[in-house]
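> Sequence:
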Amino acid sequence: MEISFVILTWNRYKFLEKCLEQLLSSIKDINQCEVVVMDNGSTDATAAVLEAYADNKHVKVITRDANYGLNAYKKLFKAAAGEYIVIVDDDVLGFPEGVDKIFLDYMKAFPDYGFLALNVIQNEFTNGAKPGPEAYVEETRDGKVIERGPTGGWCACFRAKEFRKIKFLFSLMNLNMKRSEDGLLAKLFQKRLGLKSGLIKEATCFHACGPYYAKEFGHLEREIEKYAKSGLKNFVDEYKKYI
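Note that the sequence shown ends on residue 243 in the UniProt record's numbering; no numbers are left out.
Read the hints as simulated data drawn from the structure, not as lab findings. It should be emphasised that the depicted structure is a prediction, and the values quoted were computed from it without experimental measurement. One or more of the hints may lead you astray.
[As the list claims (entries may be wrong)] Once the Cα atoms are required to be at most 20 Å apart in a straight line, the calculated EDC-like pairs of lysine to aspartate or glutamate come out as: (1) LYS196 <-> ASP142; (2) LYS241 <-> GLU202; (3) LYS57 <-> GLU21; (4) LYS144 <-> ASP112; (5) LYS28 <-> GLU83; (6) LYS101 <-> ASP142; (7) LYS14 <-> GLU221; (8) LYS108 <-> GLU83; (9) LYS196 <-> ASP237; (10) LYS201 <-> GLU97; (11) LYS226 <-> ASP237; (12) LYS226 <-> ASP44; (13) LYS161 <-> ASP112; (14) LYS18 <-> ASP105; (15) LYS240 <-> GLU216; (16) LYS101 <-> GLU2; (17) LYS191 <-> ASP112; (18) LYS201 <-> GLU162; (19) LYS215 <-> ASP142; (20) LYS57 <-> ASP105; (21) LYS241 <-> GLU225; (22) LYS101 <-> GLU21; (23) LYS18 <-> ASP65; (24) LYS161 <-> ASP105; (25) LYS165 <-> GLU2; (26) LYS196 <-> ASP112; (27) LYS167 <-> GLU83; (28) LYS178 <-> ASP112; (29) LYS60 <-> ASP105; (30) LYS108 <-> GLU124; (31) LYS201 <-> ASP237; (32) LYS215 <-> GLU202; (33) LYS215 <-> GLU17; (34) LYS18 <-> ASP44; (35) LYS196 <-> GLU97; (36) LYS78 <-> GLU2.
All chains should be modelled from the sequences, with the hints used to inform the complete structure.
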């Protein structure tokens, strides 16, 4: 198994439905990939969305009895069988064609990088959660360009063999919206293994984050609840403007 695409989802079934549809259609060699979805105690129609994939041998579903927050990634990563693990946020609604081959090519071309994410589409409604250009430095090899800098986990790849080296430390940390799985991975890869992080400049995904798309897909209240529980008042205030 080359790549495990892993998705942690909670009460965003409309996002999830679109995400799975687009992800599966973008994978070039599905026989070398798996998609592992963990339902983190959803109470909406998530189960119905996942039931549609019950007969799909390439999709594995793990159902939790409660919402374990971002700490659920610890169990989700253990369930991944691939040599490479790709975190996919359930609000990523568009992927480049051959997304599996893109990650394989870039991870092999940049062995000194431990965490590589797709670039994001930015429009009037979302910045894709990507910081401004001043945060990045470009590095080019054989025509492939990486933007070295802050690397979000919207659609991001790491090697399973390298994760095993930091797994113990990762398991000790309490994950939350202020200390997320992607930030911790990038930090541990850099500090413990000397590996860099960055974005694949020419390969973009559509990360539909932000209040506009949350409202469009009917998940606005869910987002407000999430940020309120995390103590992120500035996000709560911003999302409430769209009610």
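> Take the C-alpha atoms of LYS167 and GLU83, compute the straight-line distance between them, and say whether it is at most 20 Å.
The hint holds at about 15 Å.
> What's the verdict on LYS161 and ASP112, does the C-alpha distance respect the 20 Å limit or exceed it?
OK: LYS161 and ASP112 at ~14 Å, within 20 Å.
> Does the structure keep LYS18 and ASP105 at a Cα separation of 20 Å or less?
Since the Cα atoms of LYS18 and ASP105 sit roughly 26 Å apart, the hinted pair is violated (cutoff 20 Å).
> Would you check the hint for LYS108 and GLU83, treating anything up to 20 Å between C-alpha atoms as holding?
Roughly 12 Å between the alpha carbons, so the hint for LYS108 and GLU83 holds.
> Are the Cα positions of LYS196 and ASP142 separated by 20 Å at most?
Judged against 20 Å, a Cα distance of about 18 Å means the pair holds.
> Please work out if LYS57 and ASP105 have their alpha carbons no farther apart than 20 Å.
Outside the cut-off at roughly 25 Å; violated.
> Would the hint linking LYS196 and GLU97 be met if the CA-CA limit is 20 Å?
Distance of about 25 Å is beyond 20 Å: violated.
> Starting from LYS241, check that the Cα of GLU225 is at most 20 Å away, please.
Given pair LYS241, GLU225 holds - Cα atoms ~14 Å apart, limit 20 Å.
> Taking 20 Å as the top limit, are the C-alpha atoms of LYS108 and GLU124 close enough?
violated (34 Å)
> If you draw a straight line from the CA of LYS161 to the CA of ASP105, is it 20 Å or shorter?
holds (17 Å)
> Between LYS226 and ASP237, does the CA-CA distance stay at or below 20 Å?
holds (12 Å)
> Under the criterion that the straight-line Cα-Cα distance not exceed 20 Å, is the pair LYS240, GLU216 satisfied?
Holds: LYS240 and GLU216 sit about 14 Å apart, inside 20 Å.
Violated hints for the displayed structure, listed by number in ascending order: 2, 9, 14, 18, 19, 20, 23, 28, 29, 30, 31, 32, 35.
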